[in-house]
Amino acid sequence: MKRLLLILLGMLLPLFAGAQEEVVPEDAEQAVEAPALDMQEYLFGHIGDAYEWHITTVNGKPVSIPLPVIVHSKATGWHCFSSRHLEGGESYECFRMAGKGEKHEGKIVEEVGGGEVVRPLDISITKNVLGLMINSLILVLLVLGAARWYRRHDAREEAPRGFTGIMEMMVCMVEDDIIKDCIGPDYKRYSPYLLTAFFFIFINNLMGIVPFFPGGANVTGNIAITLVLALCTFFAVNLFGNKHYWKEILWPDVPIFLKAFPLMPVIEIIGMFTKPFSLMVRLFANILAGHCMILGVVAVVFLTAKMGVAMNAGLSVVAVVIGVFMDVLELLVAFLQAYVFTMLSSVFIGLSRQKPETE
Amino acid sequence: MSLITPDFGLLFWMVLIFGIVFFLLAKFGFPMITGMVDERSKRIEDSIAKAREAEQKLSELAEEQAGLIEQTRLEQGRLLREVAQSREQIIAQAKADAEAEAAKVLEDARAKIAEERENAVRDIRRQVSMISVEVAEKLVRKELSDEAGQLELLDKLVDEASRNHMS
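From first to last, the protein sequence lines stand for chains A and H. Just so you know, we're using numbering that gives the first Met the number 0 here: the first sequence kicks off at 0 and counts up by one. Just so you know, we're using numbering that gives the first Met the number 0 here: the second sequence kicks off at 0 and counts up by one.
Hints in this document: simulated from the structure, not taken from any laboratory. Remember, predicted model here, so these are calculated numbers, not experimental data. All C-beta atoms in this analysis are idealised placements derived from N, C-alpha and C, irrespective of residue type, glycine included. Incorrect hints may appear among the rest.
[As the list claims (entries may be wrong)] The calculated BS3-like cross-link candidates involving lysine-lysine, where the alpha carbons are at most 30 angstroms apart (straight line), are:
| id | chain 1 | residue 1 | chain 2 | residue 2 |
| --- | --- | --- | --- | --- |
| 1 | A | Lys-242 | A | Lys-99 |
| 2 | A | Lys-106 | A | Lys-73 |
| 3 | A | Lys-179 | H | Lys-41 |
| 4 | A | Lys-354 | A | Lys-187 |
| 5 | A | Lys-305 | A | Lys-60 |
| 6 | H | Lys-26 | A | Lys-179 |
| 7 | H | Lys-26 | A | Lys-354 |
| 8 | A | Lys-179 | A | Lys-99 |
| 9 | A | Lys-242 | A | Lys-274 |
| 10 | A | Lys-179 | A | Lys-106 |
| 11 | H | Lys-137 | A | Lys-354 |
| 12 | A | Lys-187 | A | Lys-106 |
| 13 | A | Lys-187 | H | Lys-26 |
| 14 | A | Lys-187 | H | Lys-41 |
| 15 | H | Lys-137 | H | Lys-155 |
| 16 | A | Lys-354 | A | Lys-242 |
| 17 | A | Lys-246 | A | Lys-258 |
| 18 | A | Lys-274 | A | Lys-354 |
| 19 | H | Lys-49 | A | Lys-179 |
| 20 | H | Lys-26 | A | Lys-242 |
| 21 | A | Lys-246 | A | Lys-354 |
| 22 | H | Lys-26 | A | Lys-274 |
| 23 | A | Lys-187 | A | Lys-274 |
| 24 | A | Lys-60 | A | Lys-179 |
| 25 | H | Lys-137 | A | Lys-187 |
[To be verified] Label-pair ranges, simulated between beta-carbon atoms:
| id | chain 1 | residue 1 | chain 2 | residue 2 | range |
| --- | --- | --- | --- | --- | --- |
| 26 | A | Met-172 | H | Gly-18 | 22 to 30 angstroms |
| 27 | H | Phe-27 | A | Phe-334 | 19 to 27 angstroms |
| 28 | A | Pro-261 | H | Ser-1 | 35 to 43 angstroms |
| 29 | A | Lys-258 | H | Ala-48 | 50 to 58 angstroms |
| 30 | H | Ala-50 | A | Arg-147 | 40 to 48 angstroms |
In isolation and in its complexed conformation, chain A is listed as follows:
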């Protein structure tokens, strides 16, 4: 019993510390600038993208990693500089951050003559891009590290243990349970993409839950990321669809009056796009909502700061307990969403590879 308690405490501590680290800066910032916690800025600061990686705030001064800004202006060509130059709304090489209430709020805009601002072509390494790079690097290292074992051992003679064993177990689980079952006999062609998608989403989800530096970027909760993933599935489904699949879409076997009035092809063609669209929105919304929930629960600690010590302490304890619960739930969701995305992609691909039913 004592041991169990200790383990529980041990599990709580880093989470608690993480949560604190995550939110304390906001609190300090707010204490200096405004008495109340600006909920919207607090939320969007965490789930949104940024040109710098904010780590903490010490004595009202933000401590953050400046990231490179890469923009292309129609007038002056390519520019590449550190986001440090734009801190506090300063202007650098005619570029500045659009302030609150402006048209491209929080984005970099270019000042052209006459007080007019335009949005340049912006491929800056933002917080999400850096997070994406770090997570991708981790993913590649994990998988190639596992693959290296197979290159060095004769896998026919021995089974891997430890890390490689876990990787093998997960790869086999995804391949056997999802890919083989959903796609059918020619699954081998799609298996690398689906495995990549699964592990990519899984790693990014997990890293999103980690509250401090290398993690914490809301990568899979960003619609651009899920859009690309959904597009990949869309192409995988439609580029390799067989004759039967296209016939089912364009000229399905329906009663004659429905052929005269081609409603089904219209619905099917819309369905072609709604399937990946649902994939995109599902992943995006789930991860975003998860982040918001955790942030909201943690915010209780700071929102109740003005309500007196007893109230604050009581609610903080509740918030931490719920926060732990939410974090653990998010671990499940991280896996679940990767699983669901992969499974639905496999199902859609499987549908596009279906053989016509012989009756």
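Place chain H on chain A using the hints.
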């Protein structure tokens, strides 16, 4: 809302990074793992099949062995019977031979004994006749000492001889 409008920069980087990750993993990562796992499961299947085959072979062998043992036992029985038969035969033969030999020896012995007896009889007869002659001689010599007796004896002898001749 910037939340649901995909940002171009992020899209660009995502396509690039995901493309690279996909390329790396699809070329060097997952096929390696899944291929090896497939190979291993194939090998395990092969091994199981082989084990089953070996088991079958073993049971076949055991059967064969049992058959052999049975056959050997039959052979052994047959041999034993044969041996017993031939032994009896040999014994019977030997007995017959021995009997024949014994009979022959007995015959020989009997013949010899008969011969010996004949010889002995012949010897005895000769000695008896010699002794008789001697006795006769002595008797004759005494008889012939007086004249009357000589004539009487002579007559007697002639009588006898003539009687022998006539009968």
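The hints, checked one at a time:
1. A:Lys-242 with A:Lys-99: violated, 53 angstroms
2. A:Lys-106 with A:Lys-73: Given that 30 angstroms is the threshold and the Cα spacing comes to 17 angstroms, the pair holds.
3. A:Lys-179 with H:Lys-41: Status holds; Cα separation ~16 angstroms.
4. A:Lys-354 with A:Lys-187: holds, 17 angstroms
5. A:Lys-305 with A:Lys-60: holds, 23 angstroms
6. H:Lys-26 with A:Lys-179: holds, 20 angstroms
7. H:Lys-26 with A:Lys-354: holds, 29 angstroms
8. A:Lys-179 with A:Lys-99: violated, 51 angstroms
9. A:Lys-242 with A:Lys-274: At roughly 19 angstroms apart (the allowed maximum being 30 angstroms), Lys-274 of chain A and Lys-242 of chain A satisfy the hint.
10. A:Lys-179 with A:Lys-106: violated, 44 angstroms
11. H:Lys-137 with A:Lys-354: violated, 158 angstroms
12. A:Lys-187 with A:Lys-106: violated, 43 angstroms
13. A:Lys-187 with H:Lys-26: holds, 13 angstroms
14. A:Lys-187 with H:Lys-41: At roughly 16 angstroms apart (the allowed maximum being 30 angstroms), Lys-41 of chain H and Lys-187 of chain A satisfy the hint.
15. H:Lys-137 with H:Lys-155: holds, 17 angstroms
16. A:Lys-354 with A:Lys-242: holds, 9 angstroms
17. A:Lys-246 with A:Lys-258: Measuring from Cα to Cα gives roughly 13 angstroms; hence the hint holds.
18. A:Lys-274 with A:Lys-354: Status holds; Cα separation ~20 angstroms.
19. H:Lys-49 with A:Lys-179: holds, 27 angstroms
20. H:Lys-26 with A:Lys-242: Holds, at roughly 29 angstroms.
21. A:Lys-246 with A:Lys-354: The given pair, whose Cα atoms are some 12 angstroms apart, holds under the 30 angstroms limit.
22. H:Lys-26 with A:Lys-274: holds, 28 angstroms
23. A:Lys-187 with A:Lys-274: holds, 22 angstroms
24. A:Lys-60 with A:Lys-179: Measuring from Cα to Cα gives roughly 54 angstroms; hence the hint is violated.
25. H:Lys-137 with A:Lys-187: violated, 153 angstroms
26. A:Met-172 with H:Gly-18: 22 to 30 angstroms: holds, 26 angstroms
27. H:Phe-27 with A:Phe-334: 19 to 27 angstroms: With Cβ atoms ~25 angstroms apart, the hint holds.
28. A:Pro-261 with H:Ser-1: 35 to 43 angstroms: holds, 39 angstroms
29. A:Lys-258 with H:Ala-48: 50 to 58 angstroms: For Lys-258 of chain A and Ala-48 of chain H the Cβ distance comes to about 53 angstroms; the hint holds.
30. H:Ala-50 with A:Arg-147: 40 to 48 angstroms: violated, 32 angstroms
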